[in-house]
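S.K.: Here is what each chain is made of, one letter per residue.
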Amino acid sequence: MITSVNRRSFLKTATGGLLIGFYLPERSELSAAPNDAKLNAYVHIGSDDTVTLFIHKAEMGQGTVTSLSMLLAEELECDWNKIRTEFPGVSPEYGPYQGVVGSASIRTSWVPLRTAGATAREMLIEAAAQRWGVDKSRCRAENGAVTNTASNARLSFGSLASEAAKLPRPASVTLKDPSQFRLIGKPTKRLDTHDKVNGRTTFGIDVRVPGMLHAVVERCPVFGGKVGSFDASKTKAIPGVKQVVQISTGLAVVADNTWSAMEGRRVLKVQWDEGTVASISSAGISKDFAAHAQMPGAVARKDGDAAASLATAAKKIESVYETPFLAHAPMEPLNCVAHVRPDACEVWASTQGQTAARDAAAKITGLAPEKVQVYTRFMGGGFGRRARADYIGEAVEVSKAIGQPVQLTWSREDDLQQDFYRPAAYARLTAGLDQQGWPVAFSARLICPPFGGLRDGVARTAVEGVVDVLYAIPNILVDYHALDFGIPVSYWRSVGYSQNTFFAESFLDELAAAGGKDPLELRLRLLANAPRLHAALELAADKAGWSKTLPAGHGRGIALVNNIGSFTAQVAEVSVERGKLRVHRVVAAVDCGYAVNPAGIDQQIRSGIVFGLSAALKGGITIDRGRVQQQNFHQYDVLRMEEMPAIEVHIVPSRNAPGGIGEASTPGIAPAVANAIFAATGKRVRRLPIRSEDLA
Amino acid sequence: MAVVKFTLNGKPQTVDAPPAMPLLWVLRDTLGLTGTKFGCGMSLCGACTVHINGQPVRSCVTPISTVAGKTVVTIEGLSADASHPIQRAWIEEDVPQCGYCQSGQIMTAAALLAKTSHPSDADIDEAMHGNICRCGTYDTIRAAIHRAAEIRRTEGGSR
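Respectively, the protein sequence lines represent chains F and W. Numbered by the working numbering, the letters in the first sequence go through residues 1 to 696 in order. Numbered by the working numbering, the letters in the second sequence go through residues 1001 to 1159 in order.
Keep in mind that the hints were calculated from the coordinates and are not lab data. Each hint should be verified, as a subset may be incorrect.
Ranges of calculated distance between the beta carbons of each label pair, as one might list FRET restraints [to be verified]:
no.	chain 1	residue 1	chain 2	residue 2	range
1	F	PRO239	W	GLY1054	31 to 41 Å
2	F	ALA472	W	ALA1143	38 to 48 Å
3	F	LEU167	W	ARG1153	51 to 61 Å
4	F	GLY95	W	THR1116	45 to 55 Å
5	F	LEU550	W	THR1116	32 to 42 Å
6	W	SER1117	F	SER248	53 to 63 Å
7	W	THR1154	F	VAL320	57 to 67 Å
8	F	ARG578	W	SER1117	30 to 40 Å
9	F	LYS166	W	ARG1153	49 to 59 Å
10	F	PRO239	W	SER1117	37 to 47 Å
11	F	ASN81	W	ARG1153	52 to 62 Å
12	F	ASP624	W	SER1117	47 to 57 Å
13	F	LYS548	W	SER1117	35 to 45 Å
Derived, one-sided and incomplete: chain F residues facing chain W with beta-carbon distance under 7 Å [unchecked claim]:
no.	residue
14	THR193
15	LYS196
16	ASN198
17	ASN257
18	MET331
19	SER607
20	ASN632
21	MET644
Negatives, chain W to chain F, calculated, CB over 12 Å [claimed, not checked]:
no.	residue
22	ILE1052
23	LYS1115
24	GLU1155
Only a predicted model underlies this, so the values are computations on that prediction, with no experimental measurement involved. The beta-carbon is built from N, C-alpha and C at its ideal position, and this holds for glycine as well.
Work out the full structure: start from the sequences and follow the hints.
M.R.: Dropping the structure here:
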């Protein structure tokens, strides 16, 4: 089944249509050209020499289509300028979970995809050797063809593909030594740019299926609330509205276009059973945090005896920090097209979790998972939000109810008010310094809603960024309170690091000040046994000119993070003049192991900084009586063109296996800016977003 | 319902739609031109920007009735082959990441360039302020606008 889907989707390329996202009806009568060949799950070669690479991950801007293609093409030896890419369906060939979370695409593909490329190449070489009747050692693959080194005869991949596909796959292949890389390690332009500048890229929201209707959903403004009763008479009078269907999350208004559905929703009358979350407000959450900060939590890390060390320390420092709920707000509002039939279900979606999407559809329809086809489309941003399958389930529910294909679209208000948020969080941090001002004890009490499961009372997603600091402090205690308020929470670009790195790196700066140390000097000393983070810090500090004098009113701040298998240092330069904060410059240095695509790394480090800076300066979701108070971008603003700092990205050369990159730079920007504010003004920012009253 | 006639990407277009229906949804759902994006529905993000009589306009808050007799250009009509200086510069600078906001960014930038052949950084800030990018491509957008101005100057194009 999967093969046939791949074959059909391949045809779009063979027939010269749009490369990706072009819809062909499921029951296409077209058949593949007879000499096209799938050499493995990732490599398809057409008799016309078209090389199609199957990208089993998904693209939300992070550059996966390009970087994974580089891994395949490096070993395949195809012509980089002639490759095409496709997103395949969900298949066990691609492992137990298909999705893009945790900045893991390169890390999990580094060996398998180079191996897949090499395997296909060896089969093509073997086919050429057999054709010529020579030994394989006489044949070399290069630029989309196999050359006979004795005769200089040449056979294109396309002319060999069908023979190669009949050969046994080699049991093992030898991968290139990095010194032989031609593509990997070179700054490489994205493969998806052209269609993104002429409006032709098909995002999920651009999917058009014959007979498709459009739906929007009215959900209870209070989390967990249910439909009590409703009156849809005015809704049904709106031109274009077809019907109103109750689904598990609310009431779906189905119409022949999105706008009519939205208009119908506007006049829908609903009585909600709001449920218990209606008593929750941000002020109460903060109070609850503060109360729990006085009580011991579940222990997440214990080195030495922090309590004893604190009791005898020459100097003791204590601070509390707080960060808000945050929405993801990807530019493409959530949406999904679903078509449920009695015996099959199709889902077209911009999703970070193809397997989760398939399983959600299977559960709702009662179909076996293999009866569900997921067609992955480009995402207009994800940032963790699209790892959830809630919006996919909604579309499947509606299509199942109406028996027709439907596109379900969220408004921006839905997006901001019905998110799975980055949890609000609170930290009570304590440290002890010795006579010379060096830290000897560090104690952190972290409090936030958990997700991803508790182990011994601790959610990894809630403590990462504090529990795994690399600083050599002999006595460390980290404990945690899991407080659940019924506000949905989940992954948000860099997850727990997004708040905990702010806590840890701001507080470390406090220790430097209290001990009379330079923030760089303190960090370098405490990282003597963490060479990769130490090197990233030295590089960033050097490029930022750490020791150079700044104009009055300006300050520099450092922050570090070790997450997703990478090590990132940032130095921010800010000014505060007449109460107005300006972030002028950010210098980042990252050791992400082997740099597969330095151009992509540069983009992602910049992107992560802007994402984190938006949150640090402006981001905050607040709750009143169980409802989110922010409705649209006027109340949930993000960084704008004129607020951009100058960003410099430096990559630490490395032969280590690649780390992740998409979430590397988001955690560090808030503390780097906060520390720079302290350097400029002497004011310590201990809550986010940064407020003007905290600068004066 | 109202019959509205206008020029769309150089060709006459007639639609029969509720007069209050925003141009955005007419383009996307009625006419199938999906290059223009829905982002906020309130003229707050710029993703839906098109040109009406040469001016950058947020199509999400533009009732179709107000478009009667006017000339509308969408990303699909900016050039046939991504050859507009802005698009060429966007390709040279590899601007898009997720790419979703880029139709609107490009349409806003193209309108700026049509009006201001040598846009300064301040001109760019002013023109592009209303176009949100969550991937944070602002610095490459700025570089690409400067580059597009250079392309236009060196080639003397009239676009």
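S.K.: All hints are to be evaluated individually against the structure, with a verdict given for each.
M.R.: Hint check:
1. F:PRO239 <-> W:GLY1054: 31 to 41 Å: Because 32 Å falls inside the window, the suggested range holds.
2. F:ALA472 <-> W:ALA1143: 38 to 48 Å: Roughly 42 Å apart at Cβ, these two residues keep to the hinted range, so it holds.
3. F:LEU167 <-> W:ARG1153: 51 to 61 Å: holds, 56 Å
4. F:GLY95 <-> W:THR1116: 45 to 55 Å: holds, 51 Å
5. F:LEU550 <-> W:THR1116: 32 to 42 Å: Holds, at about 34 Å.
6. W:SER1117 <-> F:SER248: 53 to 63 Å: Between SER1117 of chain W and SER248 of chain F, where Cβ atoms are some 56 Å apart, the hint holds.
7. W:THR1154 <-> F:VAL320: 57 to 67 Å: holds, 58 Å
8. F:ARG578 <-> W:SER1117: 30 to 40 Å: holds, 35 Å
9. F:LYS166 <-> W:ARG1153: 49 to 59 Å: holds, 57 Å
10. F:PRO239 <-> W:SER1117: 37 to 47 Å: holds, 46 Å
11. F:ASN81 <-> W:ARG1153: 52 to 62 Å: violated, 29 Å
12. F:ASP624 <-> W:SER1117: 47 to 57 Å: holds, 50 Å
13. F:LYS548 <-> W:SER1117: 35 to 45 Å: holds, 38 Å
14. THR193: holds, 6 Å
15. LYS196: holds, 3 Å
16. ASN198: holds, 4 Å
17. ASN257: Interface hint status for ASN257 of chain F: holds (4 Å vs cutoff 7 Å).
18. MET331: holds, 4 Å
19. SER607: Given a least distance of 5 Å, the restraint on SER607 of chain F holds.
20. ASN632: Hint holds; ASN632 of chain F Cβ to chain W Cβ min 5 Å, cut 7 Å.
21. MET644: At about 4 Å, which falls below the 7 Å cut-off, the nearest Cβ of chain W leaves the hint on MET644 of chain F intact, so it holds.
22. ILE1052: Non-interface label on ILE1052 of chain W holds, nearest chain F Cβ at 17 Å vs cutoff 12 Å.
23. LYS1115: About 17 Å separates LYS1115 of chain W from the closest Cβ of chain F, which puts it past 12 Å; holds.
24. GLU1155: holds, 18 Å
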